[in-house]
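With the hints as extra help, turn the sequences into a complete structure.
Here is what each chain is made of, one letter per residue.
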Amino acid sequence: MPTRIDFDRCDGCGSCYKYCPRDVYGWDREKKKPTISYPAECTECGTCELECHMLCIDVYLTYRRYNQPKFLDKSISP
Amino acid sequence: MNMKSIADEIIETDVLVIGGGLSGKFAAIAASDGGASVTVSEKSTLRRGGPYAGLDHIPHVANPEVGLVSVEELTKAGTQGVEALIRPGLMERFARETWESVLNLEKFGVPVKWPNGKYMVLRWDSGYQTFPYGPFPAMLFYRGADLGIKLEAQVRKRGTKVLERTIATSLLTNDGAVVGATLLNIRNGKFIVVKSKATIIASGRASGGHVMAYNAGAELVNMEFSRGGGAGREPLTFSAGGFIIGHAGTPYVNAKGEKVFNKWAAVIRETGRTLRPLTLLKEYAAGNGPIYLDLTDQPEHVHKEAIIALMNERPICYKFNQQRGIDYRTTLFELPPSSRRGGFPYEGLGGVLIDEECKSSVTGLYIGGDAQGGVCMWGGATGAFVHGQRSGKYAAEYVKTAAEPTMDSNQVMDERERTLAPTKRNGGVNGLEMTNMIMAIIGDYLANPRSEGTLLRGIERAKVIGERDTPSLWAQNPHDLMHTVNARNLIPVAQIMMKAAIMRKESRMITLHERIEYPKPDEKNWAKSIIVKKDLVTSEAKLEPKVLQAEKYDWRN
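In order, the protein sequence lines correspond to chains A and B.
For what it's worth, the numbering used here labels the leading residue of the first sequence as 1, then goes sequentially.
For what it's worth, the numbering used here labels the leading residue of the second sequence as 79, then goes sequentially.
These aren't lab readings, by the way, just hints derived from the structure by calculation.
Among the clues, some could well be false.
Keeping only pairs whose Cα atoms sit at most 20 Å apart, straight-line, the calculated EDC-like set for lysine to aspartate or glutamate is [stated by the list, open to error]:
1) B:Lys-541 with B:Asp-522
2) B:Lys-397 with A:Asp-58
3) B:Lys-397 with A:Asp-28
Structure below.
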């Protein structure tokens, strides 16, 4: 699953559901919280994280820390 | 038959804009200003539809008065190497209208000036050559982080009807003219019919726009100059925009720690490809991957500029890194060679052939933005601005004299049956899976270098999958239904691209079309474009090589 929501912090503003370009999020009307309805369609564009004013969405990246070249003592982005 | 019993909603409008990205929003604004009533349909939302990166620079602008290149210079750069493939005159007109789009942006409240009141012309002080034409002041910075939001406000202010979460499934035709479109809401599955005097396709390169226009009888051009997959986007940590190629001198390093960009500058100039895909391709092929973006040895003022540029170039990057404590001063950013995620099914030079009014070869059908072909080898954001506003302007002019469109209810009924059929089955092939299959065919059989054998096999595979799986497509929810529409639309495009690639017996712009049997460009026989048109009797694609120059489009007069 490419995104994770911290539901404790989420205040149910619905901006992820409103603005996700690929419509990955659904909406749980009872709990008034988003659901991740179409995870396979996430393109890691980051719009949900950008729009979330409670900073409770974490987008997982396909390209993560791996294959770090030996010449580097610098850090590599996640 | 009564139309109301076929459609869940019927909308009548002067101009329908399909796609609400940069070009679609510009088209809607221009058409409203021209006095037409406008409806926009967008797959996502107007606020976040279209590009989510590339918002810190306007790539190709001409205006010598502010220190940019002249119209003539920009025209020359845009046609260099592709003279044989484009309609002469169109590039010059594009170059001439670029400044107007900058003024429009300024009018809409998008910052395009430094605090000292001067336009943000990109400085070429790095000495690197990123474009085939070398250091060349044709780029303007702007603060585009809120571009979509500001353009959306302009669209809504003009009373435009906006249909969000809605895709187009087909264009409706009557007597050789486009009279509307059928749409599908991807959240509630509603089937919507729009009756319009003029229709603008502003759906980018690969969202079904090509095939809808083709099915309506429009001519496609240069479709063989395509390849599978979209340009890989950087991960959320960094996006290389105008800042990277302009200020920071493109600091790409390979796994051995070598600065790699300069190594390939000559090849880039020769092949006319932009820097990143080619540099990455070559370095990965040489076994030097992964490639990183290294800002660690840049001076402090560049770091400060990097932060401002990134907050605009791709607004999420800065927030993303800040939330995770990633510092531009000490961190290397890995650049993936390609990315299926967020990539398009295909990319390239191909598109719907347009004339000087952005009109396709079909009456009532206009093309804005990236879905068009035969103009220049790059357009970028400027292409979206310029062609968006021009298509909107001429569509609005056309509807003033256009006759009231009449729809063929049988055609609407057929399209409804065809679109909604997957919901009526109990089991079958998933639309996304089928889309992925076709994308794999495009990726594998259309990959460069190409040979006739693999291309023929690719056409056969696409045909087999189309005939076998289309009748058993299955949709359990509106999203599945959207994917079945995408899959259905992708098959003819894949076949057209491969047929055109077989026909073009030469190599030209080798990252887009390289034939093993014919490794050299053939200026004598192939300095022309392949026009693809649907034969309305046999439904087969009709391909015809044609010299576009033969037609007169001289804007100097």
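Cross-check of the supplied hints:
{"no.": "1", "hint": "B:Lys-541 with B:Asp-522", "in the structure": "15 Å, holds"}
{"no.": "2", "hint": "B:Lys-397 with A:Asp-58", "in the structure": "11 Å, holds"}
{"no.": "3", "hint": "B:Lys-397 with A:Asp-28", "in the structure": "27 Å, violated"}
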